[in-house]
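> Here is what each chain is made of, one letter per residue.
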Amino acid sequence: MSALDRSWFLKGLAILLVLTLLAPVFGWAAGQVGYAEPLDNAAEATGATDAAETINPGLMPDYGVPGLGSASGTLLAALIGTGLTLVLATGMGRVLAD
Amino acid sequence: MHILDGFLDLAVAAVCALASAAVLAYAARRVDGELSDARAPLLGLVAAGIFAAQMLDWPIVGGTSAHFVGGAFAAILLGPHLGALCVATVVTVQALVFGDGGVVVLGANVFNMAIVEVYVGYAIYRALAGHHEIAAAFTAGWLGITAGALSAAVQLGLSSAFAYELGTVVLIMGAGHLALGLIEGAITAVVYRAVVDARPDVLPASPLREVKA
Chain S
1 MSALDRSWFL KGLAILLVLT LLAPVFGWAA GQVGYAEPLD NAAEATGATD
51 AAETINPGLM PDYGVPGLGS ASGTLLAALI GTGLTLVLAT GMGRVLAD
Chain Y
1001 MHILDGFLDL AVAAVCALAS AAVLAYAARR VDGELSDARA PLLGLVAAGI
1051 FAAQMLDWPI VGGTSAHFVG GAFAAILLGP HLGALCVATV VTVQALVFGD
1101 GGVVVLGANV FNMAIVEVYV GYAIYRALAG HHEIAAAFTA GWLGITAGAL
1151 SAAVQLGLSS AFAYELGTVV LIMGAGHLAL GLIEGAITAV VYRAVVDARP
1201 DVLPASPLRE VKA
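Sequence order for the protein chains is S and Y.
Going by the numbering used here, the first sequence opens with residue 1, and the numbers climb by one from there.
Going by the numbering used here, the second sequence opens with residue 1001, and the numbers climb by one from there.
Think of the hints as simulated: they come from the structure by calculation, not from any bench.
Just so you know, even glycine gets a beta-carbon here, dropped at the ideal spot from N, CA and C.
Hints may contain errors.
Stated by the list, open to error - A short, non-exhaustive set of chain S residues, derived as facing chain Y with CB atoms under 7 Å:
(1) L22
(2) Y63
(3) P66
As the list claims (entries may be wrong) - Computed beta-carbon distance windows for the label pairs:
(4) S:L17 to Y:L1178: 42 to 50 Å
(5) Y:G1130 to S:S70: 20 to 28 Å
(6) S:L59 to Y:A1021: 41 to 49 Å
(7) S:V33 to Y:V1190: 18 to 26 Å
(8) S:V33 to Y:A1025: 35 to 43 Å
(9) Y:Y1164 to S:R6: 51 to 59 Å
(10) S:W28 to Y:L1010: 31 to 39 Å
(11) S:P66 to Y:P1204: 39 to 47 Å
(12) S:W28 to Y:L1158: 30 to 38 Å
(13) S:A45 to Y:D1201: 12 to 20 Å
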């Protein structure tokens, strides 16, 4: 990676950090306004809501960390998820580049 | 627009999974060897940025809202094939690690967000970029997410959980995302503009830049 690329990559990481810091704020705001997506509305209109089942809750269900508070759990989930995606996608890029 | 397990009939989920696997395999073959090592970190940054941005649900008073999906954005920045692989990575991490979107319906969620939104968004961008690049990015984001939502609506409307009410589901999701998609378009255009200003060299060649070159 050249010096220019390195500085650009570090700027990218800084932007990612800002986005993850925003996650708990947006999470709180979404709770305040009663966030629902059009898909949720369609499920309600057709009586599908109860058909939802959880086959895989995931290690961090609903972007939270069991045992942690809502804001800190969301922040940790955002950091881990963003970092994991960064590593996986970069790795996929390297494999495809070979 | 992440579909949950239990929402799709198994046959619908299976068809979507097969279609997604076929398109992603094609995409991987198309980018194989064309991607330079230097662009691998860009793929990582875009994917991670989309993951983080998708966590930010827009708090719109009244309740019905959405979050940035980024399919068109990834397509414009990375090209459609790499864009599809990029968003598919995000959607898979969301489903497996965070339980956001089901696992049986993972193929459908990949199809809607990583394939339909990516390729439709890219086609719109290419069609309009010769006239006005920023407007092209905006329209790609706006109509790309609407196309992804319509694709999800058709899958849901053909499933028993949604009582096969195809018209109702298409209307609610289509109209909802057509309106909310304006925000997706605006974010796509603003971030695209920022990238063009900062590092135009990382973008795949666009019609306009090809003309200039």
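> Hints first: check each against the structure and report whether it holds.
Results of checking the hints against the structure:
1. Among the interface hints, the one on L22 (chain S) holds; its C-beta lies about 6 Å from the nearest C-beta in chain Y, closer than the 7 Å criterion.
2. The interface hint given for Y63 (chain S) is met, as the beta carbon of that residue sits about 5 Å from the closest beta carbon of chain Y, less than 7 Å.
3. Because the smallest distance between the Cβ of P66 (chain S) and any Cβ of chain Y comes to about 12 Å, over 7 Å, the interface hint for this residue is violated.
4. At roughly 33 Å, the beta-carbon separation of L17 (chain S) and L1178 (chain Y) lies outside the given 42 to 50 Å, and the hint is violated.
5. For the pair G1130 (chain Y) and S70 (chain S), the beta carbons lie near 47 Å from each other, so the given range of 20 to 28 Å is not met.
6. Checked against the hint of 41 to 49 Å, the C-beta distance between L59 (chain S) and A1021 (chain Y) comes to roughly 25 Å, which is inconsistent with it.
7. As the Cβ distance of V33 (chain S) to V1190 (chain Y) is approximately 23 Å, the hint placing it in 18 to 26 Å holds.
8. Taking the beta carbon of each, V33 (chain S) and A1025 (chain Y) are about 41 Å apart, inside 35 to 43 Å as hinted.
9. Our hint of 51 to 59 Å for Y1164 (chain Y) and R6 (chain S) holds, since their Cβ atoms are close to 55 Å apart.
10. Here the CB-CB span from W28 (chain S) to L1010 (chain Y) is close to 37 Å, well matched to the stated 31 to 39 Å.
11. Between P66 (chain S) and P1204 (chain Y) the beta carbons are some 42 Å apart, a value that agrees with the proposed interval 39 to 47 Å.
12. A hinted range of 30 to 38 Å holds for the C-beta pair W28 (chain S) and L1158 (chain Y), which are about 37 Å apart.
13. Take A45 (chain S) and D1201 (chain Y): their Cβ atoms lie about 48 Å apart, and the range 12 to 20 Å is violated.
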